[in-house]
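J.: Sequence:
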Amino acid sequence: MTGGELNLAWARAILAALAEYGLEEIEIAPGSRSAPLVLASRSLPGMNTRVHLDERSAGFFALGYGRSHLGPAAVVTTSGTAVANLLPAVVEADMSDVPLLLVTADRPPGMRGADANQTIMQPGIFGDRVRFAADLPEPTPAGLKDTGANSLVVLVRTAASHAVGPPGGPVHLNVPFDKPLQPESSDELDLRGPGEEQPLDLPSLEVAVKGDEVVPKGPWRRRTEARGRGRDLEAMLAHQLALARRPLLVAGPASDPGLDGPAAARFARHRNVPLLADPLSGARFTASVVEESPSPILGAYDHFLRVPEVVSRFVPDLIIRIGRSPTSPAAETALASWNRSRQIVVDDGGHRKDHQGLASHYLHASAGAVLERLATGDDDDGGTSSSAYERWTREWTELEGVAWAAVEESPAHPGNEGDYAAALIRSLPPGSTLFVSSSMPVRDVDAYGRPGALDIEVLGNRGASGIDGVVSTALGCAAGGAGPVAVLIGDIAFYHDMNGLLATRDQGLQVVFVVVDNDGGGIFHMLPIRDFEPAFTPYFATPHGLDFEHAARLYGLPFTDAATPAELGEAVQAAVASPGSQIIRVRTDREVNRRGHEQIRARVARRVREHLNRETA
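Numbered according to numbering that gives the first Met the number 0, the sequence shown spans residues 0 to 616.
Watch out, some of these pointers could steer you wrong.
Using C-beta positions, here's what the derived DEER-type ranges look like [what the hints assert, rightly or not]:
hint : residue 1 : residue 2 : range
1    : GLY112    : ALA576    : 55 to 65 Å
2    : GLY480    : PRO108    : 52 to 62 Å
3    : THR80     : PHE131    : 44 to 54 Å
4    : HIS350    : SER160    : 14 to 24 Å
5    : GLY45     : PRO107    : 30 to 40 Å
6    : THR139    : LEU526    : 28 to 38 Å
7    : GLU183    : PRO108    : 24 to 34 Å
8    : ARG390    : GLY356    : 52 to 62 Å
9    : SER160    : TYR361    : 37 to 47 Å
10   : ARG339    : ARG425    : 19 to 29 Å
11   : GLY123    : ASP145    : 52 to 62 Å
12   : THR559    : ARG504    : 40 to 50 Å
Rather than coming from a laboratory, the hints here were simulated on the basis of the structure. Just so it is clear, CB atoms sit at the ideal spot from N, CA and C, and this is done for glycine as well.
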């Protein structure tokens with residue numbers, strides 16, 4: 000066996016072990032040192048591969064795939080700074096508990112620290128951001144046959160196990176290869192190009208996957224199905240509910256909104272407990288929300304919790320928290336104000352979700368599974384009947400109605416970006432996915448997205464809340480099986496990841512990008528720093544003067560402008576019904592948008608205070 004043949008067999012063994020565990024998708028960033036991995040990926044039955052010219056984009060694409068598919072994609076890169084470009088996606092995957100496999104080619108260990116070209120210290124490059132890391136041994140014929148505890152295949156399967164979790168997260172396999180990197184001839188390889196379906200029967204794979212089953216094989220499982228503490232946790236929560244008179248459920252952004260969100264909604268309805276439903280929780284727009292009036296599923300809290308009288312009057316005695324911290328700063332402030340209340344966090348993620356130190360109990364369990372069983376349990380099993388909190392919940396739902404009436408009161412303030420977010424949500428067909436960028440888009444969806452049984456899922460990169468990689472992550476979501484995908488993104492975030500648009504052409508993906516273009520960082524106009532001119536405009540608002548229609552032409556995408564929320568709704572409906580991806584631009588003014596937000600908040604506060612005064616009169 001020549002050196003090139005050994006490298007290929009080694010790469011086949013690695014990817015075959017991952018395929019045996021259920022890997023179906025590999026994102027490939029071109030490079031020479033990764034040639035064995037690329038050739039091996041093209042000879043695996045049932046393996047889908049995609050090519051990305053930029054490693055950072057490839058990492059975020061794989062992140063999006065894992066976020067919607069709930070099983071990881073692998074990213075294959077060459078050596079050097081190509082590996083470092085994966086770090087932003089790794090950080091988000093780690094903070095969001097999203098499965099992600101990193102398979103990075105490397106020079107032989109003897110070349111590290113010895114002035115070899117394109118060689119950096121790749122082992123450990125991601126630090127504690129990965130759940131598992133292995134600097135694999137160099138290829139040897141004996142290593143292909145080894146089935147011991149430290150064998151190649153066992154290491155690879157262990158990595159796959161850590162990626163799936165629970166909790167899921169990123170793992171790193173570093174694979175050194177020496178030259179020659181490929182066999183002497185390709186005549187007998189019969190490699191497939193992208194999209195070709197005929198697999199090659201590889202006898203060496205059979206050798207590579209033999210051995211003791213240390214890690215269970217099989218397709219990826221939903222992370223949240225694999226962990227829980229059963230009836231003990233349910234009994235504990237049921238007991239706390241039985242003691243409570245003013246319970247509140249707070250559902251923040253979820254790692255698995257398709258499971259946690261509907262469970263939270265059903266729990267709130269069955270137990271008649273008010274639910275503050277973050278748009279990324281999966282609870283606000285789930286199809287399991289029954290259109291009822293009043294509904295305990297609340298979405299206007301970012302408005303009415305800004306009213307001090309509400310926070311001081313509506314004090315829960317029990318708060319059950321699931322998911323990450325709420326998007327709403329008003330909800331965060333209210334939780335801190337309610338620091339004397341019992342606060343129970345239910346979460347099985349990889350990072351503690353109690354940055355304010357408010358939790359009296361922290362239960363490591365699947366929130367969706369626990370709430371689902373409590374929601375469907377009998378009232379005499381330790382739970383509490385839905386009538387026990389009737390008045391408490393009714394007061395919350397009345398607040399909700401007053402707030403939404405004020406938000407939607409005509410005439411709307413012209414140029415308010417929240418109106419566009421609401422129009423986008425209303426225009427999406429059932430089964431859609433809305434991917435929201437951090438910064439203002441996610442906040443506008445939070446503040447202006449009225450709850451309802453819309454059957455849409457809202458996703459976003461809220462682990463580290465960066466605005467980089469949004470385009471690529473959304474495209475990865477589409478590749479991972481999400482329904483029709485729309486993206487609400489600001490102009491700065493769009494600029495950050497415009498190169499990701501290449502996948503719309505090369506991968507044939509259908510995604511509608513709604514770009515809110517206010518020529519800079521609109522979120523900073525909401526902060527006190529806006530008063531600090533002349534530094535504010537160049538250093539914070541950062542006007543760029545870019546015309547994104549040129550980007551659409553560069554990538555061959557249809558482009559249109561929407562001047563009003565109604566026009567946006569019509570444009571989105573037409574785009575979703577059309578093949579391919581499109582860009583829809585909404586031009587706004589940062590200062591006009593700020594005034595619009597303040598006007599609506601003031602109106603809500605006024606209406607809420609009037610309501611409270613009537614109630615106490």
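J.: Return the numbers of the hints above that this structure violates; sort them in rising order.
T.: 2, 3, 6, 8, 9, 10, 11 and 12
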